[in-house]
Amino acid sequence: MICSKCVHNSERDDRIDYEALCHTCIKNNYCYYENITKDQDFQRFYKPTNLAQVFDEKLTGNLIIGLETITELKLLGGKKNPMKGRVTKRTVYSAMVYSNKNSNGYENAVRRNLANEGIDPMSFSVGARTWGERVVGYPIIKHKDQYYLECILLNNNPESEYLLDGKPIAKEDIEGLKPKREDSNNVPIRAFKLSSILRLTTCKKDYHNLTFDPEYK
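In my numbering, the protein residues as written are 11 to 227.
Don't read these hints as lab results, they were simulated from the structure. C-beta: ideal position from N, C-alpha, C; glycine also. A couple of the hints might just be wrong.
[Claimed, not checked] Here are the computed lysine to aspartate or glutamate pairs in the EDC-like style, where the Cα-Cα straight-line distance is at most 16 angstroms: (1) K37 with D51; (2) K99 with E117; (3) K57 with D23; (4) K57 with D27; (5) K99 with D24; (6) K57 with D24; (7) K190 with E82.
[Unchecked claim] Label-pair restraints from in silico Cβ distances: (8) E169 with W141: 23 to 31 angstroms; (9) T211 with K90: 33 to 41 angstroms; (10) E29 with N72: 32 to 40 angstroms; (11) S205 with D66: 38 to 46 angstroms; (12) D66 with P178: 37 to 45 angstroms; (13) D223 with N91: 15 to 23 angstroms; (14) K154 with L86: 32 to 40 angstroms.
Working from the sequences, and respecting the hints, build out all of it.
Following this line, the structure appears as structure tokens:
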């Protein structure tokens, strides 16, 4: 038994595992393909993308990327907060990743900013990592058997949407939302767990269901 809306769609996408998709559509009496742009749950039907292969092909020194992430918010109030564990935030970022093969991209970016401000750029140097280990040649951090994508954010005010049980909710209606911490760093650097990234875009192509395996060759 198959979902004809999925199988016979004229614009088939070779990144999608249609067999798994159709089985789930029939089981739930709901066509996920028709809601591909609306349903974050659809992400699990994309075939895995090995970021090691993507970066080997496209990343030399640095690379501009787009990111769409979904993260669970940590709310105040403990177990008494009825929204605890139910609120997520979907955010779209513009970012830059570095291979760090010849020098540290973050260190270079900070030093350029300092020079522009008339401050001695050599007064700054990157210290030792406080968590995780960066994979040589990749913008990837390994920490406790999990992989994270490390990048420098290019947009100071990323677009965000808040969701309660998967449905939009106004930010001011969220109970126990922590105040936003001001970031004084002129070069904001972040590390996103791969499982929290819904979509990575670069060179006009989207990638989903991200994994990392440098031994693919």
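Is the gap between the beta carbons of S205 and D66 within 38 to 46 angstroms?
-> violated (22 angstroms)
Hey, K99 versus E117, does the alpha-carbon distance stay inside 16 angstroms?
-> violated (29 angstroms)
Given the hint that K99 pairs with D24, does the C-alpha gap stay at or below 16 angstroms?
-> violated (29 angstroms)
Does the Cβ distance between E29 and N72 fall inside 32 to 40 angstroms?
-> Since E29 and N72 have Cβ atoms about 38 angstroms apart, the given range 32 to 40 angstroms holds.
Does 23 to 31 angstroms hold as the CB distance between E169 and W141, or does it fail?
-> holds (28 angstroms)
If you check the beta carbons of K154 and L86, does the distance land in 32 to 40 angstroms?
-> violated (26 angstroms)
Mind checking the alpha carbons of K190 and E82 for me, to see if they're no more than 16 angstroms apart?
-> holds (15 angstroms)
Cβ distance range 15 to 23 angstroms for D223 and N91, holds or violated | violated (39 angstroms)
Can the suggested window of 37 to 45 angstroms be confirmed for the beta-carbon pair D66 and P178?
-> Given a distance of about 38 angstroms, which is inside 37 to 45 angstroms, the answer is holds.
Would you check the hint for K57 and D24, treating anything up to 16 angstroms between C-alpha atoms as holding?
-> Measuring from Cα to Cα gives roughly 9 angstroms; hence the hint holds.
Verify the proposed pairing of K37 with D51, using a straight-line Cα cut of 16 angstroms.
-> holds (15 angstroms)
Hint consistency between K57 and D27 [alpha-carbon to alpha-carbon, up to 16 angstroms] | holds (6 angstroms)
Against the hints set out earlier in the document, violations occur for numbers 2, 5, 11, 13, 14.
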